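Residue numbers (my numbering), protein chains in the order written: chain X, 1 to 159; chain A, 1 to 159; chain F, 1 to 159; chain D, 1 to 159; chain W, 1 to 159; chain R, 1 to 159.
The hints are all genuine.
Identical copies look the same in the list; a pair holds intra-copy or inter-copy alike.
Straight-line Cα separation of at most 20 Å, PhoX-like style, residue types lysine-lysine; simulated pairs: (1) Lys131 with Lys40; (2) Lys105 with Lys131; (3) Lys105 with Lys121; (4) Lys155 with Lys41.
Since the hints were made in silico from the structure, they are not lab data. Computed from a predicted structure; not experimentally measured.
So you can see what is in the structure, the chains are spelled out below.
Protein chains: 6
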Amino acid sequence: MTFIYPGSFDPVTNGHMDIIERSARLADKLIVVVMTNTNKKPLFTAAERAGHLRALTAGLPAVEVDCWEGLQAEYSALKEADAIIRGVRNCTDFDFEMQIAQANKLLRPETETLLIPASGKYACVSSGLAKEIAACGGSLRGIVPDLVIEDYYRKRGDK
Amino acid sequence: MTFIYPGSFDPVTNGHMDIIERSARLADKLIVVVMTNTNKKPLFTAAERAGHLRALTAGLPAVEVDCWEGLQAEYSALKEADAIIRGVRNCTDFDFEMQIAQANKLLRPETETLLIPASGKYACVSSGLAKEIAACGGSLRGIVPDLVIEDYYRKRGDK
Amino acid sequence: MTFIYPGSFDPVTNGHMDIIERSARLADKLIVVVMTNTNKKPLFTAAERAGHLRALTAGLPAVEVDCWEGLQAEYSALKEADAIIRGVRNCTDFDFEMQIAQANKLLRPETETLLIPASGKYACVSSGLAKEIAACGGSLRGIVPDLVIEDYYRKRGDK
Amino acid sequence: MTFIYPGSFDPVTNGHMDIIERSARLADKLIVVVMTNTNKKPLFTAAERAGHLRALTAGLPAVEVDCWEGLQAEYSALKEADAIIRGVRNCTDFDFEMQIAQANKLLRPETETLLIPASGKYACVSSGLAKEIAACGGSLRGIVPDLVIEDYYRKRGDK
Amino acid sequence: MTFIYPGSFDPVTNGHMDIIERSARLADKLIVVVMTNTNKKPLFTAAERAGHLRALTAGLPAVEVDCWEGLQAEYSALKEADAIIRGVRNCTDFDFEMQIAQANKLLRPETETLLIPASGKYACVSSGLAKEIAACGGSLRGIVPDLVIEDYYRKRGDK
Amino acid sequence: MTFIYPGSFDPVTNGHMDIIERSARLADKLIVVVMTNTNKKPLFTAAERAGHLRALTAGLPAVEVDCWEGLQAEYSALKEADAIIRGVRNCTDFDFEMQIAQANKLLRPETETLLIPASGKYACVSSGLAKEIAACGGSLRGIVPDLVIEDYYRKRGDK
Chain X
1 MTFIYPGSFD PVTNGHMDII ERSARLADKL IVVVMTNTNK KPLFTAAERA
51 GHLRALTAGL PAVEVDCWEG LQAEYSALKE ADAIIRGVRN CTDFDFEMQI
101 AQANKLLRPE TETLLIPASG KYACVSSGLA KEIAACGGSL RGIVPDLVIE
151 DYYRKRGDK
Chain A
1 MTFIYPGSFD PVTNGHMDII ERSARLADKL IVVVMTNTNK KPLFTAAERA
51 GHLRALTAGL PAVEVDCWEG LQAEYSALKE ADAIIRGVRN CTDFDFEMQI
101 AQANKLLRPE TETLLIPASG KYACVSSGLA KEIAACGGSL RGIVPDLVIE
151 DYYRKRGDK
Chain F
1 MTFIYPGSFD PVTNGHMDII ERSARLADKL IVVVMTNTNK KPLFTAAERA
51 GHLRALTAGL PAVEVDCWEG LQAEYSALKE ADAIIRGVRN CTDFDFEMQI
101 AQANKLLRPE TETLLIPASG KYACVSSGLA KEIAACGGSL RGIVPDLVIE
151 DYYRKRGDK
Chain D
1 MTFIYPGSFD PVTNGHMDII ERSARLADKL IVVVMTNTNK KPLFTAAERA
51 GHLRALTAGL PAVEVDCWEG LQAEYSALKE ADAIIRGVRN CTDFDFEMQI
101 AQANKLLRPE TETLLIPASG KYACVSSGLA KEIAACGGSL RGIVPDLVIE
151 DYYRKRGDK
Chain W
1 MTFIYPGSFD PVTNGHMDII ERSARLADKL IVVVMTNTNK KPLFTAAERA
51 GHLRALTAGL PAVEVDCWEG LQAEYSALKE ADAIIRGVRN CTDFDFEMQI
101 AQANKLLRPE TETLLIPASG KYACVSSGLA KEIAACGGSL RGIVPDLVIE
151 DYYRKRGDK
Chain R
1 MTFIYPGSFD PVTNGHMDII ERSARLADKL IVVVMTNTNK KPLFTAAERA
51 GHLRALTAGL PAVEVDCWEG LQAEYSALKE ADAIIRGVRN CTDFDFEMQI
101 AQANKLLRPE TETLLIPASG KYACVSSGLA KEIAACGGSL RGIVPDLVIE
151 DYYRKRGDK
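The following block holds chain X by itself, in its conformation from the complex (with noise of 0.2 Å):
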């Protein structure tokens, strides 16, 4: 099976890491597809991003890092996805994913959705997160994987 695992990984976080290693046990290919097209100024360029995931996959040979500009849908058309997987830690998250799962379904019918619930530890864990405390100078530690603390820290030196 080809799954794929799409999201923005602005920064990649240890939540993400948790569904990356739980999902690529269940798929023979895991492709984990940085979505470039959000309006969002980014913390790292797709390019970063890539490389942050590539790097913290090395020891997942079922993971694949790609980036794309576009719907998931077409994405999973390209790559004959037979899944998408999401993780999901409340309600409000589920309620997003119900949504995007009917149009995914809709727009490529042969793709299915799976929802992973999050780990209970990683319940409060997201990019929004991360860059909040970044932006108040507070300790990511625990929340995203220290490579990606690294280049935050060497990006704003550089500056």
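With chain X fixed as given, assemble chains A, F, D, W and R onto it according to the hints.
Here is chains A, F, D, W and R on its own, set in the frame of chain X:
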């Protein structure tokens, strides 16, 4: 009874049309009101949106279309509306609509809010989804009425 | 328009009365229907509940009271109801009502469901709460109509 | 991959069949497991339910049907299941499934839970709804498979 | 401040103990109240449950344990409690607790309700889960305190 | 006990005042903290908002007002706060607050979060609603304190 159905309708979706058709049967007059006080840059102007709605409801004699820049409660008072109609798809919608309904009740106690359950097949359909699919060049067929799709491509062709 | 408001009404609460008064203004006829097909041992018999509702709605000429043992959709068909009215207080209510509404739509497409937001002050009021308070010997004042309180104590005195 | 799909299936609904057909395409083996440890008096015996499922999945070679009286986590361990499949329709379902998923993860960390969004048209379909409609003498057409409807009437006729 | 933490505690779980330890630090006195007015056949008698709680909170000087058959609001009045403490795990819990909190406020305005977010690792833990695992012969380790596990097996051995 | 109640308070609403009055009775000191690190263009400056809060809490000796640009967890550490107070109205609020609470627990384990159920009559009241009504020229009476209404019109008159 006079019901009003306020919304941005940017663009009108098949989900909106389903709510209009179902609620028009319950009222002597149903005024579909294009709200124009939003800050968001619209896809279609208020006049264009009202035009779409007028064309799409031409066969529904109980339906009128209007535009309004202001509070829903003020428009309800102006038209002596008996009820405001809103479609709801999920809990996130519901929490939002409950707050608006309670606020409208506070500002204009004579007008009730009636929430109509979205049809299952339109549970994912929203103006936001339509905009996102359009921005990615995907097909809007089945999500917004054909008339709106044609107008969207005509507008893009103009530019 | 003919609306029906089905429920167990065991006992009628001030929250039910609020929904009845608000929706009676929107219909030519509002039939409050005591559903009797539940397995739960009732506090009041269906006839007693209908009696309470008749007394409490005596001043509302649009309101009729009836009893029904069967599906809501069958009763809707029998009365050619245009809509079923249901009050909703929170997401748990909403999820439940959405399922019932979709089932009723499947069984009887001609009848819509209209969800009315419960008034803030009745957000905690339910027949279940009333039963629990009564079982503990607490005061039902403000939760159910005085007429129902009196009948409750009269019944207990009988035993 | 081996997936299990546990449930009471009393009776099997069209919503269950939709989840089975969709998830069977994602697994090498999908074991549909009739859980028999519930206290509720069943409509059909576990053997009857398993019979319905076997007949209904005869065309799906990846699907096996089994019965189990015990914890899902124990069955997962016995079959070395890679994932447990569960359908979700709304937030109430979701909150329930998240708790079960976390409990199963605690008891058997090697097995993931994958939540599959119910199709919009089956959002109201449940075994509970089917039982209620059947108890009121309503039509189950479109809610449960024809085979189950026939068996239900055959059983009633027996009595 | 005097806080009360009412519950069935049948059995006490590690999730309950987490709420007790966290809220005991916020009060001069925290009274854990075993509510005994439920209809459900209990696993442990009220006296046994109070015994478990007393043993488990022996090291927390601010904590008292009591039993009560009646309304929470009456107990709050009796003890002049400043607040009722309740743990919440998800939206379903939240909707339930909001109703109870509003009812308690109505019956006893001087006592507030404070909802404490359950720790992520206890998001699945409940007395109901413990009972279900126990009924299936599964291990309760990590879900309820060891003392409760031992007492559970001692009781079963008695029979 | 020292509690903090962080928020934007732009503007202070009657819902905020209700939470302040109710939680002030539960603490030796309640610090209402105007958070100033938001990107949104405020209606009132942080100093103006703090001024409103100081005037409105003048009769509550346990209440202090402060401003903070940074993480809540840092402020909690600085003041050695025992708990963070937050009002919750519905599931959408709840999901958001649960994430913030878990993040604050991660960053500063010594400080608990206590969620206080919003009063039914303030279930629709928010700073966002107040801003929207103000922008449309509607009346803020009953939604924000009179003092804030006056200051709002005084500021508009200045321009």
